[in-house]
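Line by line, the protein sequences are chains A and B.
For the first sequence, this note's numbering gives the first residue as 25, with consecutive numbering after it.
For the second sequence, this note's numbering gives the first residue as 25, with consecutive numbering after it.
If you're looking for bench data, these hints aren't it; they were derived computationally from the structure.
Because identical chains cannot be distinguished in the list, a pair is counted as satisfied if it fits within a single copy or across any two copies.
Calculated cross-link-like contacts (lysine-lysine; reagent style DSS-like; alpha-carbon spacing at most 27 angstroms):
{"#": "1", "residue 1": "K246", "residue 2": "K509"}
{"#": "2", "residue 1": "K246", "residue 2": "K216"}
{"#": "3", "residue 1": "K438", "residue 2": "K68"}
{"#": "4", "residue 1": "K246", "residue 2": "K236"}
{"#": "5", "residue 1": "K191", "residue 2": "K236"}
{"#": "6", "residue 1": "K72", "residue 2": "K260"}
{"#": "7", "residue 1": "K402", "residue 2": "K479"}
{"#": "8", "residue 1": "K68", "residue 2": "K479"}
{"#": "9", "residue 1": "K68", "residue 2": "K261"}
{"#": "10", "residue 1": "K68", "residue 2": "K191"}
{"#": "11", "residue 1": "K466", "residue 2": "K136"}
{"#": "12", "residue 1": "K186", "residue 2": "K225"}
{"#": "13", "residue 1": "K248", "residue 2": "K186"}
{"#": "14", "residue 1": "K333", "residue 2": "K350"}
{"#": "15", "residue 1": "K513", "residue 2": "K261"}
What follows is the residue order along each chain.
Number of protein chains: 2
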Amino acid sequence: MEKLSKTKGMNRRDLLAMIGVAAGGAAMYHAMTNLGFAQESGYKGPIKLEGDPKGASVLILGAGLAGMTAALELRQAGYKVQILEFNNRPGGRNWTIRGGDVVTELCGYTQKCEFDEGLYINPGPWRIPYHHHALLDYCRRLGVKLEPFQQLNRNAFLHNTKAFGGKPQRVRDIMTDLRGHVSELLAKTTQKGALDEEVTKEDQEILLQALKSWGILDNDYKYKESVRNSEFRGFKKDPGGGLSGEPIPSTPLSLSDVLNSGLWRSLGNFANYEFQTTMFQPAGGMDMIGKAFAREVGDLITYNAKVIKIEQDESGVTAYYEDTTKPGTVNKVSADWCVCTIPLTVLSQIEMNVGDAMAAAIRAVPYASSVKVGLQFKRRFWEEDEHIFGGISYTDLPIRQISYPSNDYLSTGKGVVLGCYTWNGPNSYEFTAMTPEERVAKCVEYGAQIHPQYKEEFENGISWAWHRSPFTLGCAGDWSDEARKEHYKNLCEIDGRIVLAGEHASYLPAWMEGAILSSLDAITRLHQRVMAG
Amino acid sequence: MEKLSKTKGMNRRDLLAMIGVAAGGAAMYHAMTNLGFAQESGYKGPIKLEGDPKGASVLILGAGLAGMTAALELRQAGYKVQILEFNNRPGGRNWTIRGGDVVTELCGYTQKCEFDEGLYINPGPWRIPYHHHALLDYCRRLGVKLEPFQQLNRNAFLHNTKAFGGKPQRVRDIMTDLRGHVSELLAKTTQKGALDEEVTKEDQEILLQALKSWGILDNDYKYKESVRNSEFRGFKKDPGGGLSGEPIPSTPLSLSDVLNSGLWRSLGNFANYEFQTTMFQPAGGMDMIGKAFAREVGDLITYNAKVIKIEQDESGVTAYYEDTTKPGTVNKVSADWCVCTIPLTVLSQIEMNVGDAMAAAIRAVPYASSVKVGLQFKRRFWEEDEHIFGGISYTDLPIRQISYPSNDYLSTGKGVVLGCYTWNGPNSYEFTAMTPEERVAKCVEYGAQIHPQYKEEFENGISWAWHRSPFTLGCAGDWSDEARKEHYKNLCEIDGRIVLAGEHASYLPAWMEGAILSSLDAITRLHQRVMAG
Chain A
25 MEKLSKTKGM
35 NRRDLLAMIG
45 VAAGGAAMYH
55 AMTNLGFAQE
65 SGYKGPIKLE
75 GDPKGASVLI
85 LGAGLAGMTA
95 ALELRQAGYK
105 VQILEFNNRP
115 GGRNWTIRGG
125 DVVTELCGYT
135 QKCEFDEGLY
145 INPGPWRIPY
155 HHHALLDYCR
165 RLGVKLEPFQ
175 QLNRNAFLHN
185 TKAFGGKPQR
195 VRDIMTDLRG
205 HVSELLAKTT
215 QKGALDEEVT
225 KEDQEILLQA
235 LKSWGILDND
245 YKYKESVRNS
255 EFRGFKKDPG
265 GGLSGEPIPS
275 TPLSLSDVLN
285 SGLWRSLGNF
295 ANYEFQTTMF
305 QPAGGMDMIG
315 KAFAREVGDL
325 ITYNAKVIKI
335 EQDESGVTAY
345 YEDTTKPGTV
355 NKVSADWCVC
365 TIPLTVLSQI
375 EMNVGDAMAA
385 AIRAVPYASS
395 VKVGLQFKRR
405 FWEEDEHIFG
415 GISYTDLPIR
425 QISYPSNDYL
435 STGKGVVLGC
445 YTWNGPNSYE
455 FTAMTPEERV
465 AKCVEYGAQI
475 HPQYKEEFEN
485 GISWAWHRSP
495 FTLGCAGDWS
505 DEARKEHYKN
515 LCEIDGRIVL
525 AGEHASYLPA
535 WMEGAILSSL
545 DAITRLHQRV
555 MAG
Chain B
25 MEKLSKTKGM
35 NRRDLLAMIG
45 VAAGGAAMYH
55 AMTNLGFAQE
65 SGYKGPIKLE
75 GDPKGASVLI
85 LGAGLAGMTA
95 ALELRQAGYK
105 VQILEFNNRP
115 GGRNWTIRGG
125 DVVTELCGYT
135 QKCEFDEGLY
145 INPGPWRIPY
155 HHHALLDYCR
165 RLGVKLEPFQ
175 QLNRNAFLHN
185 TKAFGGKPQR
195 VRDIMTDLRG
205 HVSELLAKTT
215 QKGALDEEVT
225 KEDQEILLQA
235 LKSWGILDND
245 YKYKESVRNS
255 EFRGFKKDPG
265 GGLSGEPIPS
275 TPLSLSDVLN
285 SGLWRSLGNF
295 ANYEFQTTMF
305 QPAGGMDMIG
315 KAFAREVGDL
325 ITYNAKVIKI
335 EQDESGVTAY
345 YEDTTKPGTV
355 NKVSADWCVC
365 TIPLTVLSQI
375 EMNVGDAMAA
385 AIRAVPYASS
395 VKVGLQFKRR
405 FWEEDEHIFG
415 GISYTDLPIR
425 QISYPSNDYL
435 STGKGVVLGC
445 YTWNGPNSYE
455 FTAMTPEERV
465 AKCVEYGAQI
475 HPQYKEEFEN
485 GISWAWHRSP
495 FTLGCAGDWS
505 DEARKEHYKN
515 LCEIDGRIVL
525 AGEHASYLPA
535 WMEGAILSSL
545 DAITRLHQRV
555 MAG
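The following block holds chain A by itself, in its conformation from the complex (with noise of 0.2 angstroms):
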């Protein structure tokens, strides 16, 4: 389409219309984000690679979601593909453990997971942002039923240990009251003339409309207990029918008590832009993403495949790999090409000849740590008595949330809780350091801190410790600014035959959505590379 603003003799609203009526309401709402109405958008949809590959070969390294992402789209655009995976299933960190899976950690700790029918963990991704438009446009294309999933839940708790006695707190109440309390403080001294320089007299005074409305201040900008201020903080005895209904309004905290708590501390969980709401987790867990791809390309993938070795030269590229069934015994294959989606933390130590930039690169990416446990209990008792419906109790013990079901909501039967998720920090290297069964112990000893019904509902847990895990070392690429202004560039370049993708090589490290952007740029470059012969 021609450039529409340098369209003459027409007005932008003419102009609109007039794609209205010629393109339908989609191709006007699309000329609209060209004019500048609406928000740009990363992910554009599906990717087009025009021309004939004439045969190319390309072989994908791992059949995680950049993988078959790039395995999906260039068997599409006419490519031979072939995958090779190390584990024996697809999916790579887009995982689901059921009952009756065994998983191995490095160090030989393997567990059955000894969960009921249709309860799971989600070890690595758990939750998808609305704005991630790639890998929901793929979950659309195939077929994969998505759920809200909570992030917030103004019900749930945030708890200090050293903090209101080590009593948790509503999310709610710190919410509000942090809110409350500012705007009164702030009224304050709008009111005493403290805004006359920075603020016009005029917005001043709808300011404090602003702060009254918002942070619910009474008629003299007070923050106070009141049935209105409850409205919001929710009440001591909620309103209820008949001559019982009377409502008791609740206290608010102090300010120097919600200070000094610490626990706004986690309320940007909430506001980042990453965990806003609407969030997604697919209806029965997050291998239905990778379950979906592999019903697309599972004929490609060889499974149980230990790349050991990977060879370019100017005519084509080998991989050589161990079938871990058969220990030992060494197979190779080759391609005209390679799309290597093999976390940098295995591939560093994988032979492989490329040049020093990208060398360096895969050298140069730190994983984070993480370590996750899920805990089944005999009863959804955060529902039934805490009225838990979803979301995550952020707290300052070395499990640092619990995070409830998003699914099944108010279902009379047994529940599983993330029990811990640890990100970095010394709590993931204490948890990882510990056997599988001193984890679960730990974190129904710290749970019921928060939830005293812990010891007594308590039936049995599983725990991952990704810096264990055999197929990432890790859990995800942890780039520093320094590292990535370095070696960004360097990791994502073709390299001969050669290029990377995953999420560690995406400015979205550790979700899905970094791994199919990468792939999708790797594969759109690398096709171009093609095309140009």
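Chain B: place on chain A using the hints.
Just chain B now, with coordinates in the frame of chain A:
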């Protein structure tokens, strides 16, 4: 149980441990509640009406949630129960309109719903707060499957025709920018010493940290464009993968623009206790609740029964009703007692011999006016084009809000949005006064100012104006503080052999929880009266 706080020679922790061992975790949790660890809850679980009513009979007027709750519990307690219901279906305002349904308002406005299979609107209640414990408990007991209702979607719109050139803003931007600017201003005045009289130096230091964290301020306590800032308010170009992945930060709105837009007025809709996460809706439509109740008590209901007179004397209560399928035929039914859930708008027009106090109370409560319009579109453009998955956009247009479906996300089929939901105010009267065709046409016209796709994608619509609703003559009881003070107790007190119940006899008007709690309170008192003799 003996009052725990009076137990001597034992500290609270020991006592809890003892209870935990002896009675299990749930008992321990409830003991903790009594000890003040956990929050109070209005509803204490299924009511127990103990004692034999010895064949006493109760006539229930209205098969909405209040009436069916009373029927279920009273039959369970040994009463002989029957219900008269005006409509030809159970549920009352707990109601869902689907394709094929024919609905008729007063003045003969008859509409046939043209929605496709599986699509619906809930003209009455449409969302359930997590703290509506009684309603949720009945859903659990009656097997109603619930799914999350998205009230807050930070990617939905806030829209003021007179702000930002009429361009809708994302909820996310208004929330983040207001919080950011407020934090910056308070940080600045704090640093100038303006809080020295109010807040200790130590707390001021923590306040500055909190404002920086919560408000997303930079190291100089400024709220301004940066990658860090965009990690909360969203990017101009989202982070991506490979060589094309570098993000571009977005630019915050100015304080003055945010204030003058008035869009902050809508933020209370997300912070209100009644609207906080996690909210629910029944899968498949709100009337799944009414239908579940009717599975229990449907055999007790006489449908199409228009009550025209209620008579009580010392021996019992008699209701006279017209069978609306045979106009002119008057039947009567008698019982020892009567639970009347007829809306006050209708009840005030029915002859009934109650005392002056109750009669005055019945006349004292005006009913809120409300209109809802459902619109079916050819595709879910709000998801496909604008990445809005559930949630509500608020506007100053007469439609007031657009609510996107909280189910079937990412489906490629058609969709129905709630294209108008007014609550009192001139817009309610304006829409009520229109013909159904005009209402739908106006919704499409107004809605297109927010979603230009409306005009191209619209297929059909249906509306319900509650002030034209034959069975309610309004939407819900709309108590003023003054009226409640003077009349509420008189409305709820048993008058002879009659007790009233329904959302209008609660502190939760318009909510299903109010109807149920009102009913439980009423029948508890009625049962006490019967037992007393």
